[in-house]
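Kindly produce the complete structure, drawing on both the sequences and the hints.
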Amino acid sequence: MTAPSSGLPRVSLADCRADFPILTQLARGGKPLVYLDSAATTQKPRVVIEAIERYYTEQNANVHRAIHVLAERATEAYENARTRVAKFIGAPNERTIIYTRGTTESINLIARAWGDCEVSAGDEILITEMEHHSNLVPWQMLARRRNATLKYVPVTPSGELDMDALHTLLTPRVKLVAVAHASNVLGTINPVREIAKAAHAVGAKVLLDAAQSVPHFAVNVQELDCDFLAFSGHKMCAPTGIGILYGRESLLEAMEPFHGGGEMINKVSLDSSTWAELPHKFEAGTPNISGAVGLGAAIEYLEAIGIDAIDACEQELTVYALEQLQTVPGLMIHGTARERVGAISFSLDCAHPHDVAHFLDQDGIAIRAGHMCAQPLMKRRGVPALSRISLYFYNTRDEIDRAVKSLKRVQEFFSRATR
Amino acid sequence: MQLDDVYQEIILDHYKHPRHSRIIVEDEALINEENPTCGDHIKLNARLENGRIADVEIDCQGCAICSASASMMAERVVGQSVDEVLAFSGALIEMMRGGAVLPESDLGDLAALSGVRQYPLRVKCATMPWHAIESAIKTLQK
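Sequence lines, in order, name chains B and S. Just so we're on the same page, my numbering is the position in the first sequence counted from 1, plus 1496. Just so we're on the same page, my numbering is the position in the second sequence counted from 1, plus 11.
Do not take every clue at face value.
Capping the alpha-carbon separation at 25 angstroms, the derived lysine to any residue pairs in SDA-like fashion look like this [said to hold, decoys possible]:
(1) K1904/B / A1523/B
(2) K1875/B / P47/S
(3) K135/S / R1524/B
(4) K27/S / D1721/B
(5) K27/S / G1826/B
(6) K135/S / G1860/B
(7) K1901/B / Q19/S
(8) K1527/B / Q19/S
(9) K27/S / V134/S
(10) K1693/B / L1665/B
(11) K1904/B / L1774/B
(12) K153/S / R63/S
(13) K135/S / T1537/B
(14) K1583/B / D1721/B
(15) K1875/B / R63/S
(16) K135/S / M1874/B
(17) K135/S / A1523/B
(18) K1583/B / H1564/B
(19) K1904/B / C1846/B
(20) K1647/B / T1667/B
(21) K27/S / R1905/B
(22) K27/S / Q1820/B
(23) K1527/B / G126/S
(24) K1583/B / E1719/B
(25) K1527/B / Q1539/B
(26) K1901/B / Q1820/B
(27) K1904/B / P47/S
(28) K27/S / V1815/B
Keep in mind the hints are simulated off the structure, nothing from the lab. Source: prediction; values computed, not measured.
Okay, here's the thing in structure tokens:
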């Protein structure tokens, strides 16, 4: 298990809670809303909502096209946000930062634009058993298109990658290792620096699904030495429909475009076209400008709090939540890695996750129940579905206490009902 | 506890003691009805005789609502004609989706499921077994 909570300083960012208008409402039965589903999507602070409103009331125009004052403002806002993203994840420059709709589109972009050129018959793609469907299905599709083989690194009972197996599976046939930086189900933070080093030693590229890491702790793409990194804005206080693909510049340069259309071209004739410079080569069509502006505002907000302060706060809340959950009779936690984030999945021995989530909803508590977009992982753990609470810095110990109290009542209700 | 409208005694009874319940191997099931959004899985076998449901076997991996609905379904349809089952199933699914409420005399134990109508995200839990029996009839009549 994780270190005892007494070993961690108490870090509270409870003041930040007031920044999130949605969290002040009452849920079912007039009870205060307890939102414990931030791994699915986080709530949005007022500054982000206002930035989007300001964009549409003062700046809206298409980017990189017209010569007028609004176009200038829109383009500036859109590109300033890109600069902020680049700095936030330690990217060397803005050319390596591509706007997408989210993690899923970022990964599909690589599977198509990189994979279709670089992966051939007989090659292998190595992923893990703990991947979200978004970092699994695109590789299945690529493997089928290219007659390649998809292999999986097994997950241990504690919810960690079997690193011995990973090293055995890493042969020169492997062209790409695609792995979650942090698991949305088990919470495990994977040793991605070690994985990148091992992958590069056999000539494979590395893609990190950073959807559950970038929102929660400091991530530096150059320190991690990954080739590609994908994440979503909506899991870090930004709106839905905006995400990021970081790519090593030399790889992005060599790649063909993903989508064709406006914005991504240099010169178009009836016979052929040439491509725009990075990053625009990968941004066909009018982009989600307000989303990018919202993402920029979200990062500015997170930086003002401090990503390390967010990390410390969440670590402390996670340790507390793990301790408290273990006081619920019949509750089993799935994922007990030492290095972890605050996505905590569990099962109750006599209640189905749906019934658990329904019960907690009656108490105003929002949690997730289901397969969490990780069906192969559910199968591996021998469960049809799990319940999950997931934390963000705006959560409090009091909310965890309320969830635990509610869970004890669920357990009592169903153990009596099904005795 | 405010859950009386959904988790009534009769539902918990069917959940605890599902009728016509057997362990069925996935490959040997006539119908595998799955809910891709939550992972619930109903395996069902059925036998027709002279246009009537002669027997039903169910293996349900699901929540209390889904399991209870499956148990009530099995209890109800055995002995009924295919036409009766299809007509009732259609009306029940319609009712669960917010359509006309069937008279309690028609519903029997199933009246206990009407509380689920207030929770749009749970309606699929209650209707899944009925989709499974409809698929079974279609398959058997081919």
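Each hint, compared with the structure:
Between the alpha carbons of K1904/B and A1523/B the distance comes to roughly 20 angstroms, so the proposed pair stays at or under 25 angstroms and holds. For the suggested pair K1875/B and P47/S, the alpha carbons sit about 14 angstroms apart, so the restraint of at most 25 angstroms is met. This hinted pair checks out: K135/S and R1524/B have alpha carbons roughly 21 angstroms apart, not beyond 25 angstroms. A threshold of 25 angstroms between alpha carbons decides the hint, and for K27/S with D1721/B the separation of about 53 angstroms lies outside it, so the pair is violated.
Annotation: proposed proximity of K27/S to G1826/B holds, straight-line Cα distance about 17 angstroms (limit 25 angstroms). The suggested pairing of K135/S with G1860/B holds, with an alpha-carbon distance near 22 angstroms, which does not exceed 25 angstroms. Only pairs whose Cα atoms come within 25 angstroms are accepted, and K1901/B paired with Q19/S is accepted, the gap being roughly 22 angstroms. Using a Cα cut-off of 25 angstroms, the hinted pair K1527/B and Q19/S holds, with the two alpha carbons roughly 23 angstroms apart.
Between K27/S and V134/S, the direct Cα distance comes to roughly 20 angstroms. Compliance with the 25 angstroms bound is thereby established for this hinted pair. About 14 angstroms separates the Cα atoms of K1693/B and L1665/B, which keeps this hinted pair within 25 angstroms; it holds. For the proposed pair K1904/B and L1774/B, the alpha carbon gap of about 54 angstroms is over 25 angstroms, so the pair is violated. Proposed proximity of K153/S and R63/S is supported: the alpha carbons are some 15 angstroms apart, at most 25 angstroms.
Of the pairs offered as hints, the one joining K135/S and T1537/B holds, with about 23 angstroms between alpha carbons and a cut-off of 25 angstroms not exceeded. Restraint check for K1583/B and D1721/B: the C-alpha separation of about 16 angstroms stays at or below 25 angstroms, so the hint holds. With a C-alpha separation of about 37 angstroms, the suggested pairing of K1875/B with R63/S is violated against the 25 angstroms cut-off. As the CA atoms of K135/S and M1874/B are separated by approximately 21 angstroms, the hinted pair is consistent with the 25 angstroms bound.
With a C-alpha separation of about 23 angstroms, the suggested pair K135/S and A1523/B falls inside the 25 angstroms cut-off, and the hint holds. Under the criterion of a C-alpha separation no larger than 25 angstroms, the hint pairing K1583/B with H1564/B is inconsistent with the structure, at around 29 angstroms. Proximity of K1904/B to C1846/B is assessed by CA-CA distance (about 12 angstroms); at most 25 angstroms being required, the pair is judged to hold. Between K1647/B and T1667/B the CA atoms are separated by roughly 11 angstroms; this keeps the pair inside 25 angstroms, and the hint holds.
Under the criterion of a C-alpha separation no larger than 25 angstroms, the hint pairing K27/S with R1905/B is consistent with the structure, at around 18 angstroms. Taken as a hint, the K27/S and Q1820/B pair is broken in the structure, with Cα atoms around 29 angstroms apart against an allowance of 25 angstroms. About 21 angstroms separates the Cα atoms of K1527/B and G126/S, which keeps this hinted pair within 25 angstroms; it holds. A C-alpha spacing of about 13 angstroms is found between K1583/B and E1719/B, which places the hinted pair at or below 25 angstroms, so the restraint holds.
Straight-line distance between C-alpha atoms of K1527/B and Q1539/B comes to about 18 angstroms, which keeps the hinted pair within the 25 angstroms bound. Distance restraint check for K1901/B and Q1820/B: the Cα-Cα separation of roughly 10 angstroms lies within the 25 angstroms cut-off, and the hinted pair is therefore satisfied. Straight-line distance between C-alpha atoms of K1904/B and P47/S comes to about 29 angstroms, which puts the hinted pair past the 25 angstroms bound. Proximity of K27/S to V1815/B is assessed by CA-CA distance (about 35 angstroms); at most 25 angstroms being required, the pair is judged violated.
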